[in-house]
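Just add 1248 to wherever you are in the sequence shown, counting from 1, and you've got my numbering.
Check each hint, because a few of them may be wrong.
Claimed, not checked - With a straight-line cut-off of 30 angstroms between C-alpha atoms, the simulated DSSO-like cross-links for lysine-lysine are:
| # | residue 1 | residue 2 |
| --- | --- | --- |
| 1 | 1442 | 1556 |
| 2 | 1450 | 1517 |
| 3 | 1450 | 1556 |
| 4 | 1450 | 1422 |
| 5 | 1441 | 1517 |
| 6 | 1290 | 1441 |
Just so you know, these hints were derived from the structure itself, not from any lab.
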Amino acid sequence: MKRFLTWFIKLFTNRRTWVRQIVVASLASTTAWLIGDSLVFKGGLVAAIVCALSIRISLYKSVREGLGQIVGTAIGAGVALLTVHYFSFGPIAIGMTVLLCSVVARGLRLGEVASVNVPVTALIVIGPGISGSTAEHRLISTLIGAAVAIVFSYFSHANTPAGRTVNQISRLGKRGSELISEMAEGVAAGTSKKQAGSWLAKARLLVEEIPSLRSQAIEARRYAKWSPLAEVDQAESLYIQGVAIEHMVVQIRSMARTLFDSTLDPNRKESIDRQIAFALSATSSAITEKLELIETKSRDKQIDNIAKDLRLAADNFTEEIIGMAEVLPRTQFVRCISLVSQMKIIANSLDESSPALLSVSTPGEPISVKVIGTSPFSRLSKASLQISKLIRNFLRR
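Take these sequences, add in the hints, and give me the full structure.
In structure tokens form, the structure reads like this:
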């Protein structure tokens, strides 16, 4: 019994972030119910539903999702009431509501979350028993639920946006370092096609997490610009570190691909495997040391020395490759030189000396994680300019 209780308690203690989020979401929905029911006649349920749909794990994203929810509610409610007015409540009104709401949300580029919320909130507004006052009550309740979600989302994560960025950088970097270490051990013991394929699959999964990291780094940078509780310099530094980790992860995938291709070469010599394993081990150790310094907020000389040692390991590996050039097949020689190049790029990312990090503009937040692809204010401004231009052209005629 004691063992079972220990196991049961660990299910929650080992998932503190998740527990915090679901507790905050539950409290937010409860609060939305209480406020909605006290301010609007029978408005608690609608407010709680919308709050549960809107609340997310970060302040910045929740503000945008709340805005998307409000915009979606206004659009959905208007379209819903028009379809009910012309077709009455029934299957035709439901179908037309979902169709038109989806088209409008797509046209406004509200993103995935708001695009889903538009038809959902519209259906909530025109639910059974619809009337003019009922629709108004449901619309107000929806806005209450979105507002409560925005407020409570601030408490759904223990860390600041900068802290969450550091956590993501550390987590992604550690997984990359562990994968390189695993590759080093595998090469030293003898690599098989199946094993190299598993490394490549893991590396691809790491690359898929890059959009999430970039989104979090952008959140920290934008949060620092308006919040007096955050340092702008720290946020900018974390953003560059996030880009550096992104470059490193891409090189790790290239390393895994290089090792996988080597298993398909029938002329491959195993005499160079020891040197490859040593080079990979040095790369893994360098990344691990850099991550430890990021977590302790250290910098300068130590990181520069880490990158310098990795470049030295790459140079030593190059000399060994050149020394064995006569016995290595040309394809294997080229792959080994490719590994050296990837090590150098990782070293330049460790001390953030690469021009690719500082001189090349990095794309903004990926569309896949955006809530509102284009600012409604900018779109309204552009629309007003176009309308005024059309009016002027018409009057000139």
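Here is how each hint holds up against the structure:
Between residue 1442 and residue 1556 the CA atoms are separated by roughly 34 angstroms; this puts the pair beyond 30 angstroms, and the hint is violated. At most 30 angstroms may separate the alpha-carbon atoms for a hinted pair to count; residue 1450 and residue 1517 meet this at roughly 25 angstroms. This hinted pair checks out: residue 1450 and residue 1556 have alpha carbons roughly 28 angstroms apart, not beyond 30 angstroms. At most 30 angstroms may separate the alpha-carbon atoms for a hinted pair to count; residue 1450 and residue 1422 meet this at roughly 13 angstroms.
For the proposed pair residue 1441 and residue 1517, the alpha carbon gap of about 15 angstroms is at most 30 angstroms, so the pair holds. Our distance criterion of 30 angstroms between C-alpha atoms is broken by residue 1290 and residue 1441, whose separation comes to about 63 angstroms.
Hints 1, 6 from the earlier list are contradicted by this structure; the remaining hints agree with it.
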